[in-house]
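A.B. asks: Protein chains in written order, with the working numbering: chain A, 1173 to 1375; chain B, 451 to 847.
Calculated directly from the structure, the hints in this document are not laboratory data.
Heads up, the beta-carbon is just placed ideally off N, CA and C, and yes, glycines get one too.
Treat each hint with caution, since some may be false.
[Unchecked claim] Just so you have them, the derived chain B footprint on chain A, three or more residues with Cβ under 8 Å:
no., stretch
1, 1177-1185
2, 1188-1194
3, 1199-1207
[What the hints assert, rightly or not] In silico DSS-like pairs for lysine-lysine, Cα to Cα no more than 27 Å straight-line:
no., chain 1, residue 1, chain 2, residue 2
4, B, K504, A, K1180
5, B, K644, B, K463
6, B, K838, A, K1180
7, B, K504, B, K532
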Amino acid sequence: MLGTGIIKGLVETARNFTGSYHDPARLTTVQYPEEKHPLPENARNFPFLVHDGDDPEKGLRCVACLICEKECPPQCIYIVAERDEKGKVIRHPKLFDIDISVCMSCQICLEVCPFDAIKMDTEFELSKHGRFEDLLLHKQQLAKSNDYYRQIHPTEAAEVDARLAEAKAKQTAKVTPAKPVGQASSLSQSQSPAAPPAPAVPA
Amino acid sequence: MTITADQLFVSLKHAIVGWFPMFAQPLVSILLSVSAILLTFGLLFAIATLLERKGLGRMQNRYGPNRVGPFGLLQPVADGLKMLVKEDIIPRHADRVVHFLAPIALLASVLLAYAVLPFGRNMAPADLDAGVLFFFAVGGATELAVFMAGWASHNKYSLLGAMRGVAQLISYEVPLVISSLAVVMMVGSLSLVKIVESQSDFHWGWLGACHVFTPWGLVGFILFMTAAAAESNRSPFDIPEGESEIIAGHMVEYSGFKYALFFLGEYLGMFAASGLAITLFLGGYNAPFSFLNWVPSWAWFFGKLFALLAVFIWLRGTLPRLRSDQLMNFAWKFLLPMTLLNIAIAGLWRYAAAWSLPGGAMTRWILCAAPLVAAYVWLGRALHPHIKPRTYRFAEA
Chain A
1173 MLGTGIIKGL VETARNFTGS YHDPARLTTV QYPEEKHPLP ENARNFPFLV
1223 HDGDDPEKGL RCVACLICEK ECPPQCIYIV AERDEKGKVI RHPKLFDIDI
1273 SVCMSCQICL EVCPFDAIKM DTEFELSKHG RFEDLLLHKQ QLAKSNDYYR
1323 QIHPTEAAEV DARLAEAKAK QTAKVTPAKP VGQASSLSQS QSPAAPPAPA
1373 VPA
Chain B
451 MTITADQLFV SLKHAIVGWF PMFAQPLVSI LLSVSAILLT FGLLFAIATL
501 LERKGLGRMQ NRYGPNRVGP FGLLQPVADG LKMLVKEDII PRHADRVVHF
551 LAPIALLASV LLAYAVLPFG RNMAPADLDA GVLFFFAVGG ATELAVFMAG
601 WASHNKYSLL GAMRGVAQLI SYEVPLVISS LAVVMMVGSL SLVKIVESQS
651 DFHWGWLGAC HVFTPWGLVG FILFMTAAAA ESNRSPFDIP EGESEIIAGH
701 MVEYSGFKYA LFFLGEYLGM FAASGLAITL FLGGYNAPFS FLNWVPSWAW
751 FFGKLFALLA VFIWLRGTLP RLRSDQLMNF AWKFLLPMTL LNIAIAGLWR
801 YAAAWSLPGG AMTRWILCAA PLVAAYVWLG RALHPHIKPR TYRFAEA
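Build out the structure end to end from the sequences listed, making use of the hints.
C.D. replies: As structure tokens, this is what we get:
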């Protein structure tokens, strides 16, 4: 009959209208700058450098091995290793820049890093006023703590922590069997001449 | 003279007019009425746009505007400012004079219609003996404004929109007038004040004697509202605008304040048509129930106006736009026969009152409602296109 479709439609819009006041399914808007959807755990966009402990400079896991720089397809990573007074290379980056305007988030740097030093971040509000210099992230901006990593990717971070602890235990057992296994402190590890933990390739 | 809430504005106007010398009093009285109408309905326009955007938003599972001011309440102010500071563009090949006059002609003809609406007890700006006739006469001038706008813009879309608009407005003027004719017949007067007064008593001492509670009144009201939606270019009859096919029809070449005037004219036209529907069918400024008689009459008028506004918004949120041929079919093949039948039923209702029917009022109601329902079903069926499922002769379906 004429009008039944109209009435059906009117009922639906009325249910939408009243439902929008009490039923979240009928008002799905998230008012973005004020409220945000929680990010899914697998969210990833640009890499950052993980540091252990509180000091972002000393705690960096990165040893300036340049593997990621060489492997990076768009070549957005630039590393200069630190040198001591005699000009000998220290296992620590002096400069570590990632140009996120060039980075394509392929995660190859993560895959090739033998030290679990570079990981993906979830930070996505990256619009800047400067087109070039503001999007070139330096070591200071890239260094983020392991706690932060545990927070954004808990499952993956737990895996990495376990692997590092295991490697550390193996290494201390080899060098000084008597010394008890302490907390995984990479500060001494990165500066010690001992071999780095075995390259951990995720399955 | 005691001042009651019901007569608040009337007393206020009398007091103000009383301060002026005798010879100036008619002029002051006119100016007061006009400025009151302009202010009230200008404000109502602002509120209506906000309510519409908020309501439509909720119907479409989203918040409406909620950024300007608390809860987005200042959105109309922002809209108005935006319209005012926009550049006023006149196309090079446009007829400048007519292009300029079109929005003014629309607004003027729409505003004139308010002259005869009774907004409250003793609150009709002009109690004309032929109020209904006057209303439709000035309402008919909006067609001219629409066509002026379309023609003067020198734009194909404008002209198409204007042609559509004129075709639609003229088609729907017919059922609009005929559906209100039933009320005029039953009341025996073209004066809107008399029509309201005829609905001022109460059935069984509590239910207001609105015409909408009779079979011909109910059907007439629905037909009137349908035609009024078309007259005020409201969805689902907004094909003159048709933003998805002809951008904005006759308003394509208008920008800034002139566009705002068109917008204002359309909304004011909708309020005026709603006001007429209230006056003719919903008992005007009378309370619908006797125990609510203490509420001031003007509050009833504007309350009913907001209710009809909500219905218009609801319909706009629900229905898609009609096609041109569907629109014409609906007007001439459905609305017109229904309105003509409704006049006959009004006559039947009038004479059935004198008959001694078994069952009394109930039988009278059913007797009058049955032909209307039958006609509705039959005409509604005839309106369907009768397209059978396609059969394929040479290919597998």
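A.B. asks: With a cut-off of 27 Å on the C-alpha distance, tell me whether B/K504 and A/K1180 pass.
C.D. replies: holds (22 Å)
A.B. asks: Is the coverage entry for the stretch 1177-1185 of chain A by chain B consistent with the three-residue Cβ rule at 8 Å?
C.D. replies: holds (count 5)
A.B. asks: Is B/K838 within 27 Å of A/K1180, Cα to Cα?
C.D. replies: holds (23 Å)
A.B. asks: Going straight from one Cα to the other, do B/K504 and B/K532 come out at no more than 27 Å?
C.D. replies: Since the Cα atoms of B/K504 and B/K532 sit roughly 19 Å apart, the hinted pair holds (cutoff 27 Å).
A.B. asks: Check whether the Cα positions of B/K644 and B/K463 lie no farther apart than 27 Å.
C.D. replies: At roughly 22 Å apart (the allowed maximum being 27 Å), B/K463 and B/K644 satisfy the hint.
A.B. asks: For the stretch 1199-1207 of chain A, do three or more residues have a beta carbon lying closer than 8 Å to a beta carbon of chain B?
C.D. replies: holds (count 4)
A.B. asks: Are there three or more residues in the stretch 1188-1194 of chain A whose C-beta lies closer than 8 Å to some C-beta of chain B?
C.D. replies: holds (count 4)
In this structure, every one of the numbered hints holds.
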